[in-house]
Amino acid sequence: MKALITGGAGFIGSHIAEALCARGASVVVLDNLSLGNLENLAWKKPGDDLEFVQGDIGDEALLAKITAGCDWVFHEGALPSVPRSVAQPWESNSQNLDGTLKVLIAARDAGVKRFMFASSSSIYGDSDAPSKYEGLPPNPLSPYALQKYASEKYGQLFHRLYGLETVGLRYFNVFGPRQAFDSPYSGVIAKYCTAMLKGERPLVFGDGLQARDFTFVDNAVSANLLAAEAPAEKVAGKFFNTAAGDSISLLQLIEELNQLTNQKLEPEFQPPRVGDVRNSLADISAAREAMGYEVLVDWKDGVARTLDFYR
Numbered sequence: 001m002k003a004l005i006t007g008g009a010g011f012i013g014s015h016i017a018e019a020l021c022a023r024g025a026s027v028v029v030l031d032n033l034s035l036g037n038l039e040n041l042a043w044k045k046p047g048d049d050l051e052f053v054q055g056d057i058g059d060e061a062l063l064a065k066i067t068a069g070c071d072w073v074f075h076e077g078a079l080p081s082v083p084r085s086v087a088q089p090w091e092s093n094s095q096n097l098d099g100t101l102k103v104l105i106a107a108r109d110a111g112v113k114r115f116m117f118a119s120s121s122s123i124y125g126d127s128d129a130p131s132k133y134e135g136l137p138p139n140p141l142s143p144y145a146l147q148k149y150a151s152e153k154y155g156q157l158f159h160r161l162y163g164l165e166t167v168g169l170r171y172f173n174v175f176g177p178r179q180a181f182d183s184p185y186s187g188v189i190a191k192y193c194t195a196m197l198k199g200e201r202p203l204v205f206g207d208g209l210q211a212r213d214f215t216f217v218d219n220a221v222s223a224n225l226l227a228a229e230a231p232a233e234k235v236a237g238k239f240f241n242t243a244a245g246d247s248i249s250l251l252q253l254i255e256e257l258n259q260l261t262n263q264k265l266e267p268e269f270q271p272p273r274v275g276d277v278r279n280s281l282a283d284i285s286a287a288r289e290a291m292g293y294e295v296l297v298d299w300k301d302g303v304a305r306t307l308d309f310y311r
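Counting in UniProt numbering, the sequence shown runs from 1 upward without gaps.
It is worth saying that the hints were derived from the structure and are not from the lab.
Among the clues, some could well be false.
The following label-pair restraints were derived from C-beta to C-beta distances [what the hints assert, rightly or not]:
{"#": "1", "residue 1": "G208", "residue 2": "Q54", "range": "33 to 41 Å"}
{"#": "2", "residue 1": "G111", "residue 2": "D59", "range": "15 to 23 Å"}
{"#": "3", "residue 1": "E294", "residue 2": "Q270", "range": "31 to 39 Å"}
{"#": "4", "residue 1": "N258", "residue 2": "D109", "range": "35 to 43 Å"}
{"#": "5", "residue 1": "E51", "residue 2": "K264", "range": "44 to 52 Å"}
{"#": "6", "residue 1": "Q252", "residue 2": "L161", "range": "21 to 29 Å"}
{"#": "7", "residue 1": "L136", "residue 2": "L33", "range": "32 to 40 Å"}
{"#": "8", "residue 1": "D207", "residue 2": "M1", "range": "25 to 33 Å"}
{"#": "9", "residue 1": "K2", "residue 2": "D207", "range": "42 to 50 Å"}
{"#": "10", "residue 1": "Q259", "residue 2": "W43", "range": "27 to 35 Å"}
{"#": "11", "residue 1": "D298", "residue 2": "D59", "range": "21 to 29 Å"}
Once the Cα atoms are required to be at most 30 Å apart in a straight line, the calculated BS3-like pairs of lysine-lysine come out as [as the list claims (entries may be wrong)]:
{"#": "12", "residue 1": "K191", "residue 2": "K113"}
{"#": "13", "residue 1": "K44", "residue 2": "K2"}
{"#": "14", "residue 1": "K264", "residue 2": "K191"}
Note that beta-carbon positions come from the ideal geometry of N, C-alpha and C, so glycine has one too.
Using the sequences plus the hints, can you model the full thing?
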């Protein structure tokens, strides 16, 4: 089995690469290293069939070359940030939508069997529903959310028009080891872990009561592998929530980190950010039914593991 992972030196992509190599797969990682880091591939062991290619998903000739002979594509390459898309909508669209289309075309032309791609819970926006399920009408509140929704529609079209088996995974606030913490657009758990380990107050945009379905990275990796292997009639041309099915507020997260670090740091409050969703909780029953998805690591265990990584 041969797989291409775009953004494979990034946070989620590197974990997918590690899991595939552990299974004995042949893996090609494509990354332009604008957000990815070769240190994320330091787990590579002698005997692992892993090839790293530095390049961009906008390079159509390179995509055609490295996609040839692949059975699976895991498309993780993106600019994954709501606030960044608000600040830089054109650059964000170029990577997240134009880039996805180019990778889809390369996969189609190479005869790839299945194409898994990173979508986002931000597609749902705010909703009065107690939990977010795949049948809810999309309500994108940011360019990033709109780009991910359009990418899903492209995925469905490529399945319908060309027979490419596409599976979209709507990630809910994925976190864990290797997540970048030193950017304004970094994930909140990575930023809180590193800040609080230094005794710094965690920064909260809004009142801190906004809730998130924080999803440890092992769960996202599992969802990708299950999506790659599930029967086509159950997953092809579809999209699924990838989450823990549980949500906590940012204040609860800070309380947990205070306990783990034996501190009593108070949050520093700032005005809410444009484009942020108020609450997010996933219904994961569709993924469970279609491909046997189960939560491997809950948020508390995941936070403890992540904190240990950054110590």
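Results of checking the hints against the structure:
1. G208 with Q54: 33 to 41 Å: holds (40 Å)
2. G111 with D59: 15 to 23 Å: holds (20 Å)
3. E294 with Q270: 31 to 39 Å: holds (37 Å)
4. N258 with D109: 35 to 43 Å: violated (52 Å)
5. E51 with K264: 44 to 52 Å: holds (48 Å)
6. Q252 with L161: 21 to 29 Å: 45 Å Cβ-Cβ, so the 21 to 29 Å window is violated.
7. L136 with L33: 32 to 40 Å: Check passed, 36 Å falls within 32 to 40 Å.
8. D207 with M1: 25 to 33 Å: With a Cβ separation near 48 Å, D207 and M1 fall outside 25 to 33 Å, so the hint is violated.
9. K2 with D207: 42 to 50 Å: Since K2 and D207 have Cβ atoms about 49 Å apart, the given range 42 to 50 Å holds.
10. Q259 with W43: 27 to 35 Å: Between Q259 and W43, where Cβ atoms are some 30 Å apart, the hint holds.
11. D298 with D59: 21 to 29 Å: violated (40 Å)
12. K191 with K113: Since the Cα atoms of K191 and K113 sit roughly 38 Å apart, the hinted pair is violated (cutoff 30 Å).
13. K44 with K2: Given pair K44, K2 holds - Cα atoms ~16 Å apart, limit 30 Å.
14. K264 with K191: Since the Cα atoms of K264 and K191 sit roughly 17 Å apart, the hinted pair holds (cutoff 30 Å).
Figure legend: structure checked against the earlier numbered hints; hints not met, in rising order: 4, 6, 8, 11, 12.
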